[in-house]
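Q: These protein sequence lines are chains U and W, in that order.
Residues 70 to 591, numbered by the numbering used here, are exactly what the first sequence covers, in order.
Residues 70 to 591, numbered by the numbering used here, are exactly what the second sequence covers, in order.
Keep in mind that the hints are not guaranteed to be accurate.
Since the list can't tell identical chains apart, any single copy or any two copies may satisfy a pair.
No more than 30 Å apart at the CA atoms, straight line, and that leaves these computed lysine-lysine pairs for DSBU-like [stated by the list, open to error]: (1) Lys469 - Lys99; (2) Lys515 - Lys443; (3) Lys522 - Lys443; (4) Lys522 - Lys277; (5) Lys420 - Lys104; (6) Lys555 - Lys277; (7) Lys85 - Lys526; (8) Lys80 - Lys443; (9) Lys80 - Lys566; (10) Lys443 - Lys85; (11) Lys515 - Lys99; (12) Lys555 - Lys566; (13) Lys303 - Lys104; (14) Lys277 - Lys423; (15) Lys469 - Lys423; (16) Lys522 - Lys80; (17) Lys469 - Lys555.
In case anyone wonders, no lab produced these hints; they're calculated from the structure.
There are 2 protein chains.
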Amino acid sequence: MAKGKGQRRPKAETPKGFRDYFGEQVSARKAMLDKIAAVYHRYGFDALETSAVETVEALGKFLPDVDRPNEGVFAWEEDGDWLALRYDLTAPLARVAAQYRNDLPTPYRRYAMGPVWRNEKPGPGRFRQFYQCDADTVGAASVAADAEICAMLADALEAVGIERGDYVVRVNNRKVLNGVMEVAGILDPADPSKFEHERGIVLRAIDKLDRLGVEGVRALLGEGRKDESGDFTKGAGLGAAQIQTIMTFVDVSPQFGPEAQDRVKQVAASGRPKMFLGGSNPTRSALNFLSAVVSDSQQGQEGVEELRQISELVEAQGYGPDRIIIDPSVVRGLGYYTGPVYEAELTFEIKDDKGRPRQFGSVAGGGRYDDLVKRFTGQAVPATGVSIGVDRLLAALAAKGRLEAEAQGPVVVTVMDRNRMADYMGMVRDLRDAGIRAEMYLGNPKNFGNQLKYADKRRSPVAIIQGEDEAARGVVQVKDLILGAKLAQDASLEEWKSQPAQVKVPLAEMVATVREIMGRHG
Amino acid sequence: MAKGKGQRRPKAETPKGFRDYFGEQVSARKAMLDKIAAVYHRYGFDALETSAVETVEALGKFLPDVDRPNEGVFAWEEDGDWLALRYDLTAPLARVAAQYRNDLPTPYRRYAMGPVWRNEKPGPGRFRQFYQCDADTVGAASVAADAEICAMLADALEAVGIERGDYVVRVNNRKVLNGVMEVAGILDPADPSKFEHERGIVLRAIDKLDRLGVEGVRALLGEGRKDESGDFTKGAGLGAAQIQTIMTFVDVSPQFGPEAQDRVKQVAASGRPKMFLGGSNPTRSALNFLSAVVSDSQQGQEGVEELRQISELVEAQGYGPDRIIIDPSVVRGLGYYTGPVYEAELTFEIKDDKGRPRQFGSVAGGGRYDDLVKRFTGQAVPATGVSIGVDRLLAALAAKGRLEAEAQGPVVVTVMDRNRMADYMGMVRDLRDAGIRAEMYLGNPKNFGNQLKYADKRRSPVAIIQGEDEAARGVVQVKDLILGAKLAQDASLEEWKSQPAQVKVPLAEMVATVREIMGRHG
């Protein structure tokens, strides 16, 4: 098309993969985050808000499945340096822990809430800016820190309205996973770089147990797997004995006594085997079994011992298997985890796009990452933390009907006479001074119908009307819009008469009348 | 320097001009913004949170003093499109108003709070990411919308703790300014592009009246001005009559009656003349005077009429000249304002870097920008709004001692025996369940002194201690750290004895004892 004479108008659109949040979307998220922050605060965590922009070198390259430099982040060059938007809240925390290491308390417990940005291909429900809500403890080597965060995660979920029984915090340990890899012969403690590719495939396969089932995982550990569409994914190429070692670890339920088996059946509606913390016998037998599986790996034994400690610590605080369990299939994607890993899964069912029931799934995850701060300082600093997927959790609350939505809009004072705006503004003032959300109609007042349509769009509970007549007599019409809508829908003549949706009161009684009507509708 | 063998460590630093906010900085800002949001909400405004990233074309180029494309913003290219971080919250609102014009109520009242980014040269106290807190009404042509925002701004300042008398909202009108330009012969309604350069110099000069004084402004309107360092700034090159017209407008006090003069003296501690809204006589004479100055300009007359309406509307709501005044010297930098402009100034004195007293100055500003949405749709959409400089207002609250700072940290349960972590965790649980902020010491417990130093750094009010002895007898030591610090500083032997800073109580009484001690310290 040839260039026109006039200036081209800009498109009124967000860039692809970005979005806006309106009214209740903002306030519902804020209400949820405020509740989570209150839990974090009670646990002794302090707020931290880091800069949204970091140097690319400080951020590092820890995004999963990313090979090229600057891939996955939004980055730009400035005087030879590369800056980028943070892709999570953990990398900036590592930078802060290094930068302020002489000023911060040790350990440093902090929480952070805010947007992060990922330069990924946008898709349905897949956005390039989203909120995270993290809590981390930096400088605590003890797994008591991990246990605390698992307990705090359970508390946070309950605080926002996820009921006990509708979630479970699943715990595993990368050291146990590494131990299994050692036993299976694909991790050599003397040369950790060997078999890295194979281990990556194994971890991703275990992570997909939910979706692929035991046989699908088995196939990926071996030659590979053809999916429903016929696409073939190359596997890790392990031998039968290696596969058996790993599958025994992942699919541990047969090793348990009858008590444990029953609990497994109770909770694991997904059919996925789990080992429980809490009740001591099954936990003990589970840990003993894991210990046996990784008996030839020092790292594996360490990992089992850490899980044992975590189980004791959460048990001491009353967190039973209905809230926190050990689950060997928990992997967590990020490459930087070095010890315990955990995730919170919502266990209630929702319908998928095609109306089929499925578990809601994971809403939070984290783990121990003892090497992140070391990047900066050269000294190992133990750290562990969790990140809640804010949009996922909001979606869960919406699915459970637990979102705090505001039912009512403001009271609207209509404009019957545009020369008397000062009077209307005075009425609005009286309402606001009484703590009632209120506004004067600020559009073109000519068409009164538009004013009521506006009140309708705002979901106003009440409209105030004062024309020439009413003004002369010092009264106002107070219109109950909620009752009015109800009457308009299905009222009989008697109901119309007995419940007037509009009352005329002296101006001095306006505030009281409005309050009474709003109280009536809750 | 030759490159070493090892990988270079990344620097643990924010990029230049960026910063982090810790603990109380985050919560003090949140507390302040929550209060402002409550005022905005009561006025009928809805929350909006737009994407941080916009297309460069949607953002437009409205930053002051910016000539090159993409200057002033952080921008990067993606598949041929340029994306950028928003530089304010108004440009994204214009985009939203255009994008969702069929869904949003008209008028659309919204507030927004969040960071914005400017690619400017960083300096002391000058950051490239900072918070703004905006409220705007889109789709209301009536100056009642401007009057409402001025009143709301006053309410918001009082809600966060700025007392009446410590602030003033100053109102002017770009149309009046334009009228004066017309009368002075540097604005031709038939060809608005003529004299644009001169008008820019005039606006900037008026904006600096506070700093340069009347003579400095006069010089900038004429040939130019040499500052203290000897640097010469070229002026607008106006003639004596033109300068006189503009100065008469800016420096209006001689035109007022004695009553107005008195008020001017009362409030304008800066020596800067002001016309007051509120009391009707001075307001009327002020408006009549302005009307006379711009009598030859239709636009100027329109502007005076708008100021008259604003004065009536705020007066009807009880906002007197102690809160809202007309001030012809208000210019506001941004190029897009088309009608009323307003700013909130804090009038109390603080000390500058050199200990000299000066007024705190502006913390918020805004105005009417009827053409911003038109960029997208081709149709004029009237809009007006205000932006509060969040960091400035926080600094003001800090200067007035009004920041809500948390005095106390968490209760710290110390670790005397690392084999009994589960017991300590149980104590923490009891405290948290009682709503008391508490944590177990998670660092290396070997050195008990470090644990108390940690509690000190956290400003903990109380530490809990249970060694082998205490555990055997089912008791805990509850240490009052605030009293302890006081005694350590200045107590006599008698005081030490009569006020024990540490008490031994049965475990079952721990929570009650902690609560009692914390209550004692408020």
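Q: All the hints need checking, so say for each whether the structure fits it.
A: Results for each hint:
no.	hint	verdict
1	Lys469 - Lys99	both (18 Å within a copy, 28 Å between copies)
2	Lys515 - Lys443	between (68 Å within a copy, 23 Å between copies)
3	Lys522 - Lys443	between (61 Å within a copy, 25 Å between copies)
4	Lys522 - Lys277	neither (51 Å within a copy, 46 Å between copies)
5	Lys420 - Lys104	within (27 Å within a copy, 40 Å between copies)
6	Lys555 - Lys277	neither (51 Å within a copy, 59 Å between copies)
7	Lys85 - Lys526	within (29 Å within a copy, 46 Å between copies)
8	Lys80 - Lys443	between (46 Å within a copy, 12 Å between copies)
9	Lys80 - Lys566	neither (52 Å within a copy, 76 Å between copies)
10	Lys443 - Lys85	between (36 Å within a copy, 23 Å between copies)
11	Lys515 - Lys99	neither (38 Å within a copy, 41 Å between copies)
12	Lys555 - Lys566	within (14 Å within a copy, 73 Å between copies)
13	Lys303 - Lys104	neither (45 Å within a copy, 57 Å between copies)
14	Lys277 - Lys423	within (21 Å within a copy, 64 Å between copies)
15	Lys469 - Lys423	within (19 Å within a copy, 59 Å between copies)
16	Lys522 - Lys80	within (29 Å within a copy, 58 Å between copies)
17	Lys469 - Lys555	within (27 Å within a copy, 52 Å between copies)
Hints 4, 6, 9, 11, 13, counting from the list given before, are not met by this structure.
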